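Engineer: The lines below spell out each chain.
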Amino acid sequence: MELEIKINNRVVKVKLLKREGNFVKAQINDNIYEIDIVKICENNYSIIHQGKSHVIDMAHISNTKKYTAATYFNNYDIEIIDAQAKAKALRKANNPEEETKIITSPMSGNIVKIAVSPEQEVKIGQLLLIVEAMKMQTEYRSAFNSRVKKITVQNGDTISAGQLLIELY
Amino acid sequence: MELEIKINNRVVKVKLLKREGNFVKAQINDNIYEIDIVKICENNYSIIHQGKSHVIDMAHISNTKKYTAATYFNNYDIEIIDAQAKAKALRKANNPEEETKIITSPMSGNIVKIAVSPEQEVKIGQLLLIVEAMKMQTEYRSAFNSRVKKITVQNGDTISAGQLLIELY
Amino acid sequence: MKKIKKILVANRGEIAVRIMRSCRELGILSVAVFSDADRTAMHVRYADEAYNIGTAPSADSYLNMEKIISTAKKSFADAIHPGYGFLSENSTFAKRCEDENIIFIGPSPFAIATMGDKITARLKMIEAKVPVVPGIQNQFKNPQELIEAARTITYPIMIKATAGGGGKGMRLVRDEQQLLEAVEMAKSEALKAFANDTIYMEKYIENPHHIEFQILADKYGNTIHLFERECSIQRRHQKIVEETPSPIMTSELRIKMGETAVNAAKAVNYHGAGTIEFLVDQNLNYYFLEMNTRLQVEHPITERVTGIDLVKEQIKIAQDEKLDITQDAIKQNGHAIECRIYAEDSDNNFMPSPGKITFIQEPMGFGVRCDGYVNKGYEIPIHYDPMISKLIVWGKTRNETIARMQRALYEYKISGIKTSIIFLEKIMNTPDFIEGKYDTNFIEKNKEILFAKNITKENLEELVALTAMLDYTDHIHKIIQKSKAVTTKKSRWKEHGRRYEF
Amino acid sequence: MKKIKKILVANRGEIAVRIMRSCRELGILSVAVFSDADRTAMHVRYADEAYNIGTAPSADSYLNMEKIISTAKKSFADAIHPGYGFLSENSTFAKRCEDENIIFIGPSPFAIATMGDKITARLKMIEAKVPVVPGIQNQFKNPQELIEAARTITYPIMIKATAGGGGKGMRLVRDEQQLLEAVEMAKSEALKAFANDTIYMEKYIENPHHIEFQILADKYGNTIHLFERECSIQRRHQKIVEETPSPIMTSELRIKMGETAVNAAKAVNYHGAGTIEFLVDQNLNYYFLEMNTRLQVEHPITERVTGIDLVKEQIKIAQDEKLDITQDAIKQNGHAIECRIYAEDSDNNFMPSPGKITFIQEPMGFGVRCDGYVNKGYEIPIHYDPMISKLIVWGKTRNETIARMQRALYEYKISGIKTSIIFLEKIMNTPDFIEGKYDTNFIEKNKEILFAKNITKENLEELVALTAMLDYTDHIHKIIQKSKAVTTKKSRWKEHGRRYEF
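Order-wise, the sequence lines are chains S, F, L and G. Residue 0 is where the first sequence starts when you use numbering that gives the first Met the number 0, and the numbers rise one by one after that. Residue 0 is where the second sequence starts when you use numbering that gives the first Met the number 0, and the numbers rise one by one after that. Residue 0 is where the third sequence starts when you use numbering that gives the first Met the number 0, and the numbers rise one by one after that. Residue 0 is where the fourth sequence starts when you use numbering that gives the first Met the number 0, and the numbers rise one by one after that.
None of these hints come from the bench; they were simulated from the model. Careful: at least some of the hints might be erroneous.
Derived pair list, reagent style SDA-like, types lysine to any residue, alpha-carbon separation capped at 20 Å [said to hold, decoys possible]: (1) F:K51 with L:L190; (2) F:K134 with G:P362; (3) F:K65 with F:N7; (4) S:K100 with S:L89; (5) G:K5 with L:L190; (6) L:K315 with G:K311; (7) F:K112 with G:A181; (8) G:K355 with F:Q162; (9) F:K64 with G:T396; (10) L:K355 with G:P380; (11) L:K315 with G:D59; (12) L:K311 with G:K395; (13) F:K134 with G:D59; (14) G:K436 with G:D280; (15) S:K64 with L:K395; (16) L:K395 with G:D280; (17) S:K112 with L:L190; (18) S:K134 with L:K311; (19) L:K375 with G:P362.
Since we're looking at a predicted model, the values are computed, not measured.
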């Protein structure tokens, strides 16, 4: 069994060689690993590798193919790359601007101000809208010189993380 | 919807009258209750009843019809009484000695001594066997004047809670 | 002397729970109030009673005075503790409680109003010979007045909400060009946070220390201080690490500033717990900054080194008891540091990170106190403060305290949201912090250390990838299993010895 | 002077984690060892390294000296900390470490052997003019010798294992009829627990106080004590609640007993942390009972009132440092109580209750320390001690400490197994305890309060029944739902507003 996994900005090939109870043998790129792994509770794995004890927290985000993982010292963004993900990446590579000209919300919150209107010209750095969450207002500014195509939210809306807010041309 | 529930040594009739989101209206014996109930996490319920805040922990034991419940002040043994449970109780009532002449383990542990042998006469208070768990030895003694019918464990066995150990005649 | 029997806590989060803990130790019943967003919150479960007071936005619930007062009456609470934030520094609310014959656990409406309005407070302090920062206390009628006032102080200038606190409604202005926009932003924030958009401006003291003194005063004129807290480590003008004693404090300065703090409190006939905040410059000159007429977020470090439970003292003072502690009897025993755990992304301009907690493990052991309120499965609402807990650590020496804080932060695991934990670990490992050589410029000065990309230890990254694969395949496997047999109960992970070959 | 860099902790459970916490604060790496039953235990996850050392029974793992020593060598650990129990008072193991050039964090093999054998210890103490309980120190060759010896002491008599500790291998004998059976039981237990079935007998002092003194001694002859711990509340001869200061202690007696304790330690050239246990009778006469040549379970209450981290002191002494604390510099600050949380059924003769933790919520807040090791989902093994955590509470006064302990016990929730929590709450509410008037007879004397059936508050019982019904029907509902759609992800409980009518 083999899978490609994107971890932060790096893609590794993981090949499971053997699994017997807690014991797992796997090849990652060119390295062979033999580990003792148990799940302590939801998300939480204990690993012993060459005597070293590690705790890895493996939380799903948005879908079953994306994780944020945390060790005691670091955080990792992880994506399982299957055929669907590969196709998407390919499309993006061929058409680099396709997905970048939309403004999505990195977090949930409330829209407290929309500073532009449809068809309005916007410059790099121009204020598009203000989102409030946890008593802090965050300004979203344009990364392009462009024109507003569509505004998909209204003042006062409660938005969730990843929601489309504004499309630019 | 109506159910009989045994709580400690008392049986109550619970009738659900209405359920809408967190809000539940129910009749328990002759009393009407209107409560606000939410599940905080597995086992753990928060209830607001007439302004009073209660936390109730509801853990299954052995099967889905038996619970041990705990509030901040007390523990409760609970059993959901359905047709099957009623039949069992009836059978027991008609034949009070049927289930009492077996020795079962109240906890898991190791058998460290078996003090009787099959067909041996035993008196009330006579040592039958010794179980060790968590560094403590517990002596199981006979509650009857009887005779050993069958011993279902051996010295050194690891036993689990509720396991049959000895049958008497 | 009244004996309080039941207290309504007009707050939420960790501070509501912390207050209820002291109530319980005193044998006083506690009443929680909650918004629609907080039905599952810990303070609702911890309290003896709990009542819904409105929808999620604070204005409709935790700031809804009439609803809170009617709830207090309905539940027969004889006192209200406001915590910090929300209505804690609202003199109208304190007055309403007084009118309704409900004990407000805090100072008099007069003290709140006087100290709450930064302009009046400055005048009062000048009168009481307490040193203040050079600044303009007028209310500004138009932009021109504003611009001219700023010119007389000279830049840099700090814009502040007169009703402010907690960094809200504050803006630093370095030149005239930024002035009007900054004022507008500060006003807008102040209006939202305090329902009052009056602002004032002050000379901005470059890289000062932010040091505050804890005050306790009873209703009979007995006023004492409980030493200082060093609060210079701030991001977005909000404290993130506090410690006591301050690494720059001398015995002489402590005595002098302590006396000044007591005088400042006495100037408004203060009673209850309060905090005098000072700016201290590089030459150890100090200036009155403001008084917080309430419990402070960082009060636990003072509790830890003095042994005094400040919430209990507040309650005792509120029920007309005399202070039973004298200034001489209080000692600073050892060292304490507090780290604030925020739900935020420290690497992304400290942007809030609301969401659902999927796993939490809180630190424990000798010298560690963790005052939080979130549990596994809890969804942090977007409506309120991003602070989800406070980690307070004590040690015999400052060095032991830092080492213990590093250990406690290592143990602290929260997943599902981003938190300040890793950022705090970096602070604890910054040489400037370890040497106690820092001021309010600390984060800016140490940004290369604090915002460095984490370096992966050994081949941990590949182990993480492998774990992800196992989790993913097991997850898929479980879905397949479920579709085969619904009632299967065994966890895949418990079947030791089951063999897979690939 | 050697500087320890890596410590193997030859133990499990809360004490292994507690030791590793101090290692981490000192920048020392820690190595866990574990049996097959403990792969998921917290000490394995907390350590920097972890190695399996055998099957579940202690004899094959935590008592397996050679395996532990070879693991220390394999992992390049330069020291071994034995914790308490297991190999902590095994002089052979201490000697083996010495021979292998591994630092044993504890006293010399000579001190362990001398104090570990109760008979030799008594002789040594008599020599050092330390008062001892009247008793017989011979090794008994046959039943007749035993019976005669008992007659000379006069009943009641306590049978003890010479290698004993923790209540194991102890039997109280009130008359001659019980003597031989009791001896046999004690021997059998002692053999199991300490691989040594030698026993001795002592006059049983009726209802004494059990008071012990904490000792610290370096390798240069500096020996100090850290005051007393009152440990009279015991069930099955095992402590369950400890406090410091003792409610019966006077300043004069404290000085006298402290000096005696220091002399006792000096009599065996003791170094490291140790405890001198005394029996104190109704007239405040005290007798040496035994010395525990290791860290004590209840050491945290001493840490809390003195501020001294005892594990760090042990490590510093082990690496040949001099004590940097003098007797005069140590103060008892406030009051501390420890409650031991056992997995046991207090209403059923304290029978052990192993099993799986389905929910856990640990107490927090000011003055509360909780040293545990179990988490949700953890299955407590049947093979080891039933103590799953220790709750240590501090307050300025004894009364505040008791109120805080009541509050902390209220917060402490563990489900899936039976625990001593409710029993401890009852102890904290017993008038004799609150007044500080108790001795080792406390539980027997207060049994009507302590074993009273709980009284249900208000109509809580019916609310519990209703909750059970909702949980049950939702559970059934969920099974039905699952069989319809496997990938359904929504939790039934989150669908607020969904309407059910019955």
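Engineer: Determine for every hint whether it applies to the structure shown.
Structural biologist: Each hint tested on the structure:
no. : hint               : result
1   : F:K51 with L:L190  : violated (36 Å)
2   : F:K134 with G:P362 : violated (27 Å)
3   : F:K65 with F:N7    : holds (11 Å)
4   : S:K100 with S:L89  : holds (18 Å)
5   : G:K5 with L:L190   : violated (57 Å)
6   : L:K315 with G:K311 : violated (39 Å)
7   : F:K112 with G:A181 : holds (17 Å)
8   : G:K355 with F:Q162 : holds (17 Å)
9   : F:K64 with G:T396  : violated (47 Å)
10  : L:K355 with G:P380 : violated (32 Å)
11  : L:K315 with G:D59  : violated (58 Å)
12  : L:K311 with G:K395 : holds (12 Å)
13  : F:K134 with G:D59  : holds (15 Å)
14  : G:K436 with G:D280 : holds (13 Å)
15  : S:K64 with L:K395  : violated (48 Å)
16  : L:K395 with G:D280 : violated (36 Å)
17  : S:K112 with L:L190 : holds (15 Å)
18  : S:K134 with L:K311 : violated (30 Å)
19  : L:K375 with G:P362 : holds (16 Å)
When held up to the earlier numbered hints, the structure conflicts with 1, 2, 5, 6, 9, 10, 11, 15, 16, 18 and fits the remainder.
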